[in-house]
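Asks: For reference, the chains in residue letters:
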Amino acid sequence: MPEKKIRVLIAKPGLDGHDRGAKIIARSLRDAGMEVIYTGLRQTPEMIASAALQEDVDVVGLSILSGAHNTLCPRLMGLLREKGMNDVTVLIGGIIPEADIPALKQAGIAEVFLPGTPTQAIVDFIRQRTAATAQ
Amino acid sequence: MGSKLTGKPSDKPESAQPSERQATAAEREWQERALRPALEKSPERMREFTTVSGYPIRRLYTPADLAGWDPGRDLGLPGEAPYTRGIHPTMYRGRLWTMRQFAGFGTAEDTNRRFRYLLAEGQTGLSVAFDLPTLMGYDSDHPLSEGEVGKCGVAVSSLADMEALFEGIPLGDVTTSMTINSPAAPIWAMYLAVAEKQGADWKKISGTLQNDILKEYIAQKEYIYPPEPSMRLVVDTIEFSAKHTPRFNPISISGYHIREAGSTAIQELAFTLRDGIEYAEWTLRRGLAFDDFAPRLSFFFNAHNDFFEEIAKYRAARRLWYRAACERFGAKQARSQAMRFHAQTAGCSLTAQQPGNNVVRTAIQAMAAVLGGAQSLHTNSLDEAWALPTQEAATIALRTQQIIAHETGVTNTADPLGGSYFLETLTNEAERGARDYIEKIDAMGGMIPAIERGYPQREIADAAYQYQVAVDRKEKIIVGVNEYVTEEKPIELLQIDDSIARRQAERLRELRANRSNDEVARRLAGLRRAAEGSENMMPHLYEAVKAYATLGDICETLRTVFGTHHEAAIT
Chain A
1 MPEKKIRVLI AKPGLDGHDR GAKIIARSLR DAGMEVIYTG LRQTPEMIAS AALQEDVDVV
61 GLSILSGAHN TLCPRLMGLL REKGMNDVTV LIGGIIPEAD IPALKQAGIA EVFLPGTPTQ
121 AIVDFIRQRT AATAQ
Chain B
1001 MGSKLTGKPS DKPESAQPSE RQATAAEREW QERALRPALE KSPERMREFT TVSGYPIRRL
1061 YTPADLAGWD PGRDLGLPGE APYTRGIHPT MYRGRLWTMR QFAGFGTAED TNRRFRYLLA
1121 EGQTGLSVAF DLPTLMGYDS DHPLSEGEVG KCGVAVSSLA DMEALFEGIP LGDVTTSMTI
1181 NSPAAPIWAM YLAVAEKQGA DWKKISGTLQ NDILKEYIAQ KEYIYPPEPS MRLVVDTIEF
1241 SAKHTPRFNP ISISGYHIRE AGSTAIQELA FTLRDGIEYA EWTLRRGLAF DDFAPRLSFF
1301 FNAHNDFFEE IAKYRAARRL WYRAACERFG AKQARSQAMR FHAQTAGCSL TAQQPGNNVV
1361 RTAIQAMAAV LGGAQSLHTN SLDEAWALPT QEAATIALRT QQIIAHETGV TNTADPLGGS
1421 YFLETLTNEA ERGARDYIEK IDAMGGMIPA IERGYPQREI ADAAYQYQVA VDRKEKIIVG
1481 VNEYVTEEKP IELLQIDDSI ARRQAERLRE LRANRSNDEV ARRLAGLRRA AEGSENMMPH
1541 LYEAVKAYAT LGDICETLRT VFGTHHEAAI T
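In order, the protein sequence lines correspond to chains A and B.
With our numbering, letter number 105 in the first sequence gets 105, and the count goes up by one each step, no holes.
Plus 1000 on top of the position in the second sequence (first one is 1) and you've got our numbering.
Keep in mind that the hints were calculated from the coordinates and are not lab data.
The reader is advised that the hints may include incorrect statements.
What the hints assert, rightly or not - Simulated crosslink set (DSS-like; lysine-lysine; CA at most 30 Å straight-line):
# : chain 1 : residue 1 : chain 2 : residue 2
1 : A       : K105      : A       : K83
2 : B       : K1489     : A       : K105
3 : B       : K1332     : B       : K1440
4 : B       : K1332     : B       : K1476
5 : B       : K1474     : A       : K5
6 : B       : K1243     : B       : K1197
A quick note: this is a predicted structure, and the numbers were derived from the prediction, not measured.
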């Protein structure tokens, strides 16, 4: 029986249009055999949470470079919990000051990937994490 | 070892490959006599050497690479056609480039203080970074602005903010660049209103609006309206400027963001030049003569890591524009044929790891821009892979330019590298590669049809992905990231807190309470009628901003007439 593919939503919240990172990650995860849905630009936390539910994803990857992470991420986490999506793994990639990371993790973000992260490190993290939650 | 002098064929577009040539008799003898024994003794470090764009570089360049190259026709002299060697006869012996550091954060007052500091430290021109809500035409108190106010730039929601931004800075004496695109016309109207209030003569004020909507659809993605009405707004500003502000550049045709999105150097060059052609064609259709607006078209390029590739790119850009101006548009004046450009060092090359190394990267990139003949330059700060720069980091970035200008000697002569076999060959190849792309886009019917079918977007996404793969495989080394990694401590960063959003919201409430809302409604109705018709919208925008209609009021009015643009995401 073929193994079920890991489903990932790559989302770009906020007003920022810098989508180089989001697109590269979407393509890298797809190359690694995952099912990837890319939301496109300017998604509100509400739109992302709905898409995550509708697409029944295992992982939500947020690309944020604008400094809006402290506002957008806790709101998304609240919405996911409201929708009963407690198992979904939420990751952030982008420009995030290290001082902000503890609060983001407290809010339920599983990991923050900073500039310079090899794409393989993200693939490995997702595989380990989804294998752990599947058990 | 074969006698072919090119790299291996690859899956890259044809235009990204150098042409092949046979080795000359002298080169074959040298290969036998000197090269073969040297390679037998110790092979080269890599099988293929490529630029940061993945462009193959040969072992050696000789006069044979320049067969068919005519220095009279292709190189010329400084200040003369085809401007390969620069647009001024004396280049930096006469006047240095403008040191123009892009700055903006928080409220208008915060940024005004940074501007005054930078001017006091010897900066010679201003450059405004606006926050994301402003770039997208939303007021600071719009729900979509939450979390974004003052973060990536300064928040400007109305003329009141613009007045505070330039408080105590005489607009008749400084030149100001404004990085604003979709809402460029209303923001420029605010700037013109401040100039008028200060008593500055519109005929004498000088500066640059970025106002390049095509590269937004291609790369930067801060668009509001669909392409056609957006292009109409751009042409409105070009036309208005030609009449009223003869020293202002109404557009800065930008490759910078195309490169930041991951393009190669040749793609940056090609798409930027083709954008320039597109703006010229639209403005001609409005009824202006090329020589009446072309002298005020300005360009903006990236200054990336690969030193010679970048210098070649700038030299090729000038030659391409000269040839396009003459061949396509019949330009008669020298000022319509000579490309002026701003350069900014590559933000995407900065590393979060070992941030001090970014000073070195930025210095080398800035040196390439200077050797390439830039008219103005921004140097990035060492901390920008983390946040907007601190004042200390911004000062080092400015000092980097001052050191290049005053200590290195590269400013002592025009086009110091002109005549190098390597550089002239790269310049020729960059020109040819860009021409191939430009012809492809011509065949698609111009840049807008090309954008609609996702052509430049896909080319850039492919190049960005290939680069990431090369970095992941360590085929490209980034110091401190995939090699020479060390443990580090966090650095001090500029913090923008959310009290700025509350202050902006309060200010907007006061503004709406104190302005004449009847007058605002009247002016917005006038703007709406103009937008529905075909007249130039600038005079209506000017009246609206003077009545303190907010940026959000204005952009919402235009949204209702023009609609909004949505792209099909390409991954």
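Asks: All hints, please: hold or fail.
Replies: Do the hints match the structure? See the list:
1. For the proposed pair K105 of chain A and K83 of chain A, the alpha carbon gap of about 20 Å is at most 30 Å, so the pair holds.
2. Between K1489 of chain B and K105 of chain A, the direct Cα distance comes to roughly 20 Å. Compliance with the 30 Å bound is thereby established for this hinted pair.
3. Our distance criterion of 30 Å between C-alpha atoms is met by K1332 of chain B and K1440 of chain B, whose separation comes to about 27 Å.
4. Simply put, K1332 of chain B and K1476 of chain B have alpha-carbon atoms about 45 Å apart, too far for the 30 Å limit, and the pair is violated.
5. Restraint check: the Cα-Cα separation between K1474 of chain B and K5 of chain A comes to about 28 Å, which is no more than 30 Å; the hinted pair holds.
6. Taking the CA atoms of K1243 of chain B and K1197 of chain B, the gap is near 20 Å; set against the 30 Å cutoff, the hint holds.
The structure fails to meet hint 4 from the earlier list, while all remaining hints are met.
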